[in-house]
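A.B. asks: Next come the chains, spelled out residue by residue.
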Amino acid sequence: MNAPVSGFKARAHDKLNDAKLQRAMKNFNLAAARTRGVADLENLEDIRTAAASIRDHSLARLDLWLERFEQEATRRGTQVHWAETHEDINRIVIDIARRTGVRKIIKSKSMVSEESHLNAALEAEGLEVVETDLGEYIVQLAGETPSHIIAPAIHKSRDDVADLFVKHHGTPRKTDIGELTMEARKFLREHFMSGEMGISGGNFLIAETGSLFLVTNEGNGRMTTTLPRIHVAITGVEKVVPTLEDVSCILRVLTRSATGQSISNYVTLNTGPKRPGDTDGPEEMHVIIVDAGRTGLLGTDMQEALRCIRCGACMNHCPVYQNIGGHAYGWVYPGPIGSVLTPNFIGLENAIDLPNAATLCNQCGVVCPVKIPLPELMRKLRERQVDRGLRPWQERVGLRLWAWAAQRPGVYALLTRLAARAGKFFGGAGRTIHRLPGNGWTEGRDLPAPAGKTFRELYASRKRP
Amino acid sequence: MSEQKLRVGLFVTCLVDLMRPRIGFSAIKLLESADCEVVVPSSQTCCGQPAYNSGDRKSAQAVARKVIAEFRGCDYLVSPSGSCAGMIRAHYAELFSEFPEQRAEVDRLAARTHELTSFLVDVAGMAAVPGTFNGAVTYHDCCSGLRELGVKAQPRALLGRVAGLSLNEMGTPEYCCGFDGTFAVKYGEISARIADRKCDDIAATGADAVVLGDLGCMLNIEGRLQRRGDSKTKVYHVAEVLAGIDDD
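For the record, the sequence lines run as chains A and B. Residue numbers for the first sequence follow the numbering used here, beginning at 195 and rising by one. Residue numbers for the second sequence follow the numbering used here, beginning at 1102 and rising by one.
Derived from the structure by calculation, the hints contain no laboratory data. One thing to keep in mind: the hints can contain errors.
What the hints assert, rightly or not - Okay, derived cross-link-like pairs now, DSBU-like style, lysine-lysine, Cα gap no bigger than 35 Å in a straight line: (1) Lys214(A) / Lys1335(B); (2) Lys574(A) / Lys1106(B); (3) Lys1106(B) / Lys203(A); (4) Lys1106(B) / Lys565(A); (5) Lys618(A) / Lys1106(B); (6) Lys214(A) / Lys1159(B); (7) Lys1106(B) / Lys220(A); (8) Lys220(A) / Lys1287(B); (9) Lys380(A) / Lys220(A); (10) Lys380(A) / Lys361(A).
Unchecked claim - Partial selection, computed: residues in chain B whose CB lies under 10 Å from chain A: (11) Asn1269; (12) Glu1270; (13) Met1271; (14) Ala1293.
Note that beta-carbon positions come from the ideal geometry of N, C-alpha and C, so glycine has one too.
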């Protein structure tokens, strides 16, 4: 599960030249939705500050709040499991399925289960797994992975979906989005009715009540957590918050940052399994709390990344993500937060490109509802790469030489004078350099040539009486 | 009775020094028009940002120490770049976080550091600008100046005082142009694609020129416009337009 995500540049190249993906990405504009969504909040900055501080408060005493959650959840009949590794997640789910005789599993969205390749592990055990979030369902039919954390099939066009439905449903081809949705709904209803285990994610765990807090739009989350006889929720250790009051504050910026909605269509609190006398609900409720690298960030300069509430705003606003889509990033979480989490979760050496493949424009940091300083964290990861000798030797030597010269004004003046003249010469009459060998700059643009003399030499000669 | 002139140290930036000296002279002209005494420390080279953003902290610190020493005697450090001014103002404190004994001096320099247009408007209170421009321009907000220093209204206020100039805002002036220094070299293909969106946005305004406050973004946008075959749209640094294009 910790295979390196090398090949970023090659994947990005493919995505930039994939006309279908480029069309899909041009149509994708959750950033505009957020802009509209936050417009009604006069005190957006105050809420962001409060949300960040709630997250920090939870993370500062994570052990305390997790224990409190376990206590309260257990008291209400929920079975709490601790998964230290990705393998543990899969083993725990398989054990529950075996013990309870489950053969068919329905899922609502869970990005943590993507980390552990849960579906593949369950299928290897002979279990049937059906994703019920519409986007996840499409991605599953296509045999792919989500390309966005809240809009998993954003890379698919309407035609792609139409083709997939013909192939897998055996129905006449439809291209109207409403009709396609109704068709998915019809097929998914049958799965909802026949699922024996429902697997969900968890946006938050509420310590004071032992509740699982889910934010969804399609209603599949409620079906998945209430219809099957077993409900298993999987979420990260960092998702615990102390109180319902806390989560109500965070919710105000979560949905607005994600889709621009003032609140999602469904906000669901699951507190324990069906009680005697209840007419519905699962017979067993399980919560799997996953570490898988998360606690390693506690107390380090990366801890702020654990504030993340998975709204997707950073990727929605990222000029790199908008051009290459999520799959180019190579692991579960794309975009700026992915470029921070992936190296932390699977190893710095396994995701060399990610912290570097960002313009540090800080649009992500500006929109993050919990104020994660994403460019700062990417830059710190770059420092770690340098400290651990993971950067190419040419870059390391180049930087050292540059810094050596930049500290010596005389040497620097000589070198820049030479460079200014050489650049002007190569720029020719058009004052433009069209090709720099071994330099990515001229892959997609020209380089306007230098003027020929440096400012410092011109200034010195001008000043001289 | 006369107030003492503000003593402004001009941090030219490594890119202006190497590529477009005219921008440095435009900045001097503007600062002098705003009644400042301009000094240009002759040993200056770079602010250290290329190393800082590449993760080479030690190199960045070494170069930054030199900047701190060079501008000790100035009331202000002013730079025709939101990126370099942002590096000093918003990042030097973090860069020297492991040297608490240097904290006071770093903070002092940071507080005195300004991007050129924000200095002219917010500190010097510049009323009239020398430049004239016959045509329509559109303004690109460079990321560092905008999001690290809040440079947004100042360049527009000054451009509004340029005789003959009209401003046509593009759809998303705050959207990154894809430059970011080493990113444009390491990930040239992605960077050029991001620049393409900026070029589309500029073209849609029908402006004669795009004006901006950072030479890095200028070279990126100009280079992409040229590769697209657009030799009509001019790319100017805001200092050039404010000081007058045909000057020098």
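A.B. asks: The structure should be examined with respect to each hint, and the outcome stated for every one.
C.D. replies: Evaluation of the provided hints:
1. Lys214(A) / Lys1335(B): holds, 33 Å
2. Lys574(A) / Lys1106(B): violated, 41 Å
3. Lys1106(B) / Lys203(A): violated, 53 Å
4. Lys1106(B) / Lys565(A): violated, 41 Å
5. Lys618(A) / Lys1106(B): violated, 38 Å
6. Lys214(A) / Lys1159(B): violated, 45 Å
7. Lys1106(B) / Lys220(A): Status violated; Cα separation ~52 Å.
8. Lys220(A) / Lys1287(B): holds, 24 Å
9. Lys380(A) / Lys220(A): holds, 30 Å
10. Lys380(A) / Lys361(A): Distance ~16 Å between Lys380(A) and Lys361(A) Cα, so the pair holds.
11. Asn1269: violated, 21 Å
12. Glu1270: For Glu1270(B), the interface hint is violated, since the closest Cβ of chain A sits about 16 Å away, which is over 10 Å.
13. Met1271: violated, 15 Å
14. Ala1293: Holds, because the Cβ-Cβ distance from Ala1293(B) to chain A comes to roughly 2 Å (cut-off 10 Å).
In this structure, the hints that do not hold are numbers 2, 3, 4, 5, 6, 7, 11, 12 and 13, in rising order.
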